[in-house]
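There are 2 protein chains.
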Amino acid sequence: MTVNAKRFLADLHKLRSFGASGIGKGVVRQAYSDADLASREWLASRMADAGLDVHFDPLGNLFGLGGERSLLIGSHSDSQPEGGWLDGALGVIAGLEIARAAKEAGAAPISAVSFQDEEGRFGVTTGSDVWSENVSLQQADAFTDNDGLTLAQARGRMADLTGPFLPHDRFSGFLEMHIEQGPSLDQSDDRIGVVSNIVGIRDMRISFSGRQNHAGTTPMHLRQDAFQGLSAFNAMLNNRLADVVTPTTVWTIGHVSLHPNASSVVPGQVTFSMQWRDEDAARLKQMEQVIHDLAMETATERGLEVTLGPVMGIEPVAMDAGLQDALIKSAGQSAPNQWRRMPSGALHDASNMASVMPVAMLFVPSIGGISHAFDEDTDEADLVLGLEVLAGAAQALA
Amino acid sequence: MTVNAKRFLADLHKLRSFGASGIGKGVVRQAYSDADLASREWLASRMADAGLDVHFDPLGNLFGLGGERSLLIGSHSDSQPEGGWLDGALGVIAGLEIARAAKEAGAAPISAVSFQDEEGRFGVTTGSDVWSENVSLQQADAFTDNDGLTLAQARGRMADLTGPFLPHDRFSGFLEMHIEQGPSLDQSDDRIGVVSNIVGIRDMRISFSGRQNHAGTTPMHLRQDAFQGLSAFNAMLNNRLADVVTPTTVWTIGHVSLHPNASSVVPGQVTFSMQWRDEDAARLKQMEQVIHDLAMETATERGLEVTLGPVMGIEPVAMDAGLQDALIKSAGQSAPNQWRRMPSGALHDASNMASVMPVAMLFVPSIGGISHAFDEDTDEADLVLGLEVLAGAAQALA
Numbered sequence: 000m001t002v003n004a005k006r007f008l009a010d011l012h013k014l015r016s017f018g019a020s021g022i023g024k025g026v027v028r029q030a031y032s033d034a035d036l037a038s039r040e041w042l043a044s045r046m047a048d049a050g051l052d053v054h055f056d057p058l059g060n061l062f063g064l065g066g067e068r069s070l071l072i073g074s075h076s077d078s079q080p081e082g083g084w085l086d087g088a089l090g091v092i093a094g095l096e097i098a099r100a101a102k103e104a105g106a107a108p109i110s111a112v113s114f115q116d117e118e119g120r121f122g123v124t125t126g127s128d129v130w131s132e133n134v135s136l137q138q139a140d141a142f143t144d145n146d147g148l149t150l151a152q153a154r155g156r157m158a159d160l161t162g163p164f165l166p167h168d169r170f171s172g173f174l175e176m177h178i179e180q181g182p183s184l185d186q187s188d189d190r191i192g193v194v195s196n197i198v199g200i201r202d203m204r205i206s207f208s209g210r211q212n213h214a215g216t217t218p219m220h221l222r223q224d225a226f227q228g229l230s231a232f233n234a235m236l237n238n239r240l241a242d243v244v245t246p247t248t249v250w251t252i253g254h255v256s257l258h259p260n261a262s263s264v265v266p267g268q269v270t271f272s273m274q275w276r277d278e279d280a281a282r283l284k285q286m287e288q289v290i291h292d293l294a295m296e297t298a299t300e301r302g303l304e305v306t307l308g309p310v311m312g313i314e315p316v317a318m319d320a321g322l323q324d325a326l327i328k329s330a331g332q333s334a335p336n337q338w339r340r341m342p343s344g345a346l347h348d349a350s351n352m353a354s355v356m357p358v359a360m361l362f363v364p365s366i367g368g369i370s371h372a373f374d375e376d377t378d379e380a381d382l383v384l385g386l387e388v389l390a391g392a393a394q395a396l397a
Numbered sequence: 000m001t002v003n004a005k006r007f008l009a010d011l012h013k014l015r016s017f018g019a020s021g022i023g024k025g026v027v028r029q030a031y032s033d034a035d036l037a038s039r040e041w042l043a044s045r046m047a048d049a050g051l052d053v054h055f056d057p058l059g060n061l062f063g064l065g066g067e068r069s070l071l072i073g074s075h076s077d078s079q080p081e082g083g084w085l086d087g088a089l090g091v092i093a094g095l096e097i098a099r100a101a102k103e104a105g106a107a108p109i110s111a112v113s114f115q116d117e118e119g120r121f122g123v124t125t126g127s128d129v130w131s132e133n134v135s136l137q138q139a140d141a142f143t144d145n146d147g148l149t150l151a152q153a154r155g156r157m158a159d160l161t162g163p164f165l166p167h168d169r170f171s172g173f174l175e176m177h178i179e180q181g182p183s184l185d186q187s188d189d190r191i192g193v194v195s196n197i198v199g200i201r202d203m204r205i206s207f208s209g210r211q212n213h214a215g216t217t218p219m220h221l222r223q224d225a226f227q228g229l230s231a232f233n234a235m236l237n238n239r240l241a242d243v244v245t246p247t248t249v250w251t252i253g254h255v256s257l258h259p260n261a262s263s264v265v266p267g268q269v270t271f272s273m274q275w276r277d278e279d280a281a282r283l284k285q286m287e288q289v290i291h292d293l294a295m296e297t298a299t300e301r302g303l304e305v306t307l308g309p310v311m312g313i314e315p316v317a318m319d320a321g322l323q324d325a326l327i328k329s330a331g332q333s334a335p336n337q338w339r340r341m342p343s344g345a346l347h348d349a350s351n352m353a354s355v356m357p358v359a360m361l362f363v364p365s366i367g368g369i370s371h372a373f374d375e376d377t378d379e380a381d382l383v384l385g386l387e388v389l390a391g392a393a394q395a396l397a
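Chains as they are written, first to last, in numbering that gives the first Met the number 0: chain A, 0 to 397; chain B, 0 to 397.
Note that these hints are calculated values from the structure, not bench results.
Take these hints with a grain of salt, some might be off.
Just so you know, same-sequence chains aren't split out, so a pair can sit in one copy or run between any two.
[As the list claims (entries may be wrong)] Below, in silico cross-link-like pairs of lysine to any residue (SDA-like), each with a Cα-Cα straight-line distance of 25 Å or less:
hint: 1; residue 1: K284; residue 2: L36
hint: 2; residue 1: K13; residue 2: G23
hint: 3; residue 1: K284; residue 2: L240
hint: 4; residue 1: K24; residue 2: I366
hint: 5; residue 1: K13; residue 2: F55
Fair warning: this is a prediction, and the values are worked out from it, not measured in the lab.
The whole structure should be built from the sequences, with the hints applied where relevant.
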């Protein structure tokens, strides 16, 4: 089979006309919006034109089925409220092009998919989450968006299109191509990333409580300043983690809330988010211990009280060895010495699919590491190179 | 003249019945509220009973005039939205008692005052600020409270009571007794503080801008994390200031605002308040240089942009040497070896009065350093001791 790079790029650019932001190549195409629904009907027509059987499941996940049982390739076509044109759209159109090329060539069938609401207007990776039965449809139906609309109400907009959920064993495996959404490939000479693992995430809320006091009348040595506690904790944390982490481990304090948050008041309380990600569950646990011990220690040293919230977690997901090998071989042929194995720091639909079938993922560079923004972009040469690596692996696996 | 401690305490407790919070001894008596207006009418009646001439100026500052020209003693009787019973009320009732005792004794006349809106519902120390002409009445009339009400509208509620502003030269000086509102006296064996200076304040807003990024896909070494910039700045600041400050210097980061403030996003921007206070204007300037240089340095080292807002300032105010000496002599007699000289870390009406007449201040301990809270309190023995020291000085000065 032979993929058609020109047709692939034309479809990719056509898709961004649905919900075009008018700023750069950006899109505004949230799940179940008018733009999303129109784009799914267009995608369905492109699938039908390619001779694929179109199927919408109850969530609005859109399948272009190449045969009775096949490899599945795709991603999601919904976007962030202010999204980039590639994000999930790249993987969806790559899946469409490869399933179409297989059909044209009379090769082993390949199916394409566009999952719904990966960007989490309602849940997190909602479409693949429900289909893989990580969450029940009944639970998910009660999820609400920021305006209080339920998922049940939103997916009602597509009710005339949808049929039943497909059985998972209809598919032999799932391949997802995606932009990296980070700067690693862009800042290197590599143009392809073969994903080894999708990292696990730990997220918790920590509070330090001290004594809220007048910023003029409270001497420095008598203060129990919650912000100073956070600052000391953060400085020590960066030191303590140095012995535990690898170059791909990340940790972030992204949310900070002071009380009463006034310039003339010594902060009595601070609540902050502590998030860390790594591909190794054991390392995530080690980091949790460091964070826990240091928070307790900081509180004791500074006369603060500490509250450690529950540790929310998403487990690391290993990519299937066989599928990964097929991607590695194909990358070696199409992009010799320009590919690397790397973990995915972001969640993807592949995380959910891994619980019901073998999965693997492929990254292409994000210019400047920018994603979830109107100026998200990738060189078209890299998009086509990614398509070729993916098609080569698919042909070997199908 | 002889002050009457029992009558003084009875009046002080009576005053807290206006706007009593029902929680401890706390009061809710914001400037121009029903409770404030009722308390001022009661205060005016107590002044009249004492033989003082009652006068409200256009702001609602309430005077009990003991004679043609006299020493003035007082403070403010408005409270914070959730205020303590002593705060300014203590100084007002002390002024009333001493003016009353002078009248009874046929001694040199003394006048009492309760300033309006010291707590800044509309401005900052508004009543004394306008009377001392630091701000014009026309400007102040446009000040609004949190609900958008103007000062002009609020003071309109007292229009039937008010007369003209009094000439400043009617008064030979101003004495203000206040609770410390900090823990220094309470944590020592001293029971009286003779204020040397009211500290100057510098307040500025600093922003660090980095690069907002995905907390999963952005490696640590490629981050430009604005929060990490703040944390590093804060840690270094505490070191750098060590050589510049005295034990009474204070500095505070009380307000912090991250953007976008989400656990999964590397913070792209942080804006924070930097406030510092000292009794020496030269030291305030030195600290400003340290803060400025360190902010620039932190930004350069971490690839951040820094924005330094304007430095807002209130100058340090020295207490009058003659009035201070009178307080020191009186403290030496009434509280031998139990008094100290100390700066005031908080602003007071005395700061404004210092621009139009000689002023001095006296502190009594705040239990636990607590103020601006319902559980603000002071031992009654200390309240009475403060009254005696103040009366002794007033008698010497009047």
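Where does the structure disagree with the numbered hints, that is, which hint numbers, in rising order? 1
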